[in-house]
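Chains as they are written, first to last, in UniProt numbering: chain A, 1 to 88; chain B, 1 to 141.
Worth flagging that the hints you see were computed from the coordinates, not collected in a lab.
Hints should not be assumed to be uniformly reliable.
Unchecked claim - In the BS3-like style, the derived pairs of lysine-lysine whose C-alpha atoms are separated by at most 30 angstroms in a straight line are: (1) K107(B) to K4(A); (2) K65(A) to K4(A); (3) K81(B) to K65(A); (4) K63(A) to K107(B); (5) K76(A) to K63(A); (6) K76(A) to K81(B); (7) K76(A) to K65(A).
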Amino acid sequence: MGQKILLIVGLLALAHAGYSAAQHRVYVRLTEQRFERLPTDIIVQTLIAFLACCIGTVQFFGKFKPILITAEWQNKSWDTIGNRPSFM
Amino acid sequence: MSASSEMQIRRTATSRPTGAGSHLSSTGTPSSASSHKRRHDAVLYSDAAVRFNENSLEQCRTSVSALSGCVAGIIGLTSYKGFLFYGFSMLLLSFLIFVVIRREHRKFFTNLNHVFVNGFFNGLLTYVLFWTFLYGMVHVY
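Given the sequences, and given the hints that come with them, work out the whole structure.
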């Protein structure tokens, strides 16, 4: 649950940063200044949102299974596996 | 029988359950049928789990490369800096995965190269797609 919240917050922050970057571009174009770079706080917000989204993604998608086949056999006894119910 | 589909369990003469999985990592033949001794270097992998791990890793990589494409487009990176940022974001992803599975990486992957090196350029086209799209949306329109 916390991972989903982290992902959603990160994506919203990224969208917000993108929108404010676009608005800054329009403002610079309207006041006829030269555009050199984006304001620092937008860049910082974008990078922090990127980091949060990365952590959320790795936690959300990064579920691995053990690959040794004996890992899932540790807890099974022969009685469980060798149970073969008869026909009648 | 409650065994899953990729493994079969046969009883040996010593009545110890061993299995023949569908993927054998050493070059020996399956040892369960006729020999009474257990071979110490035969390691069995479950190929459904290997495929699942590769799938998870690929999903992580694709979504992180899409995200970093968005970030590069918003910030407004151009030419070589953009590709450097892609390399940086892939390294960040590998580092994050390594932190998550640091204790038990032998349990999930046969080789750590799988995590770091193999799929490095897989997400490059996705990255460029999102990068150009976001750059166009933010800076051009």
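Structure-based check of each hint:
1. Between K107(B) and K4(A) the alpha-carbon distance is near 26 angstroms, which keeps this suggested pair within the 30 angstroms criterion.
2. For the proposed pair K65(A) and K4(A), the alpha carbon gap of about 21 angstroms is at most 30 angstroms, so the pair holds.
3. In summary, the hint linking K81(B) to K65(A) is not supported, as the alpha carbons are separated by about 37 angstroms, beyond the 30 angstroms threshold.
4. A threshold of 30 angstroms between alpha carbons decides the hint, and for K63(A) with K107(B) the separation of about 13 angstroms falls inside it, so the pair holds.
5. For the hint linking K76(A) to K63(A), the alpha-carbon distance of about 23 angstroms falls within 30 angstroms, and the restraint holds.
6. Proposed proximity of K76(A) and K81(B) is contradicted: the alpha carbons are some 54 angstroms apart, above 30 angstroms.
7. For the proposed pair K76(A) and K65(A), the alpha carbon gap of about 18 angstroms is at most 30 angstroms, so the pair holds.
Checked against the numbered hints above, the structure breaks hints 3, 6 and satisfies the rest.
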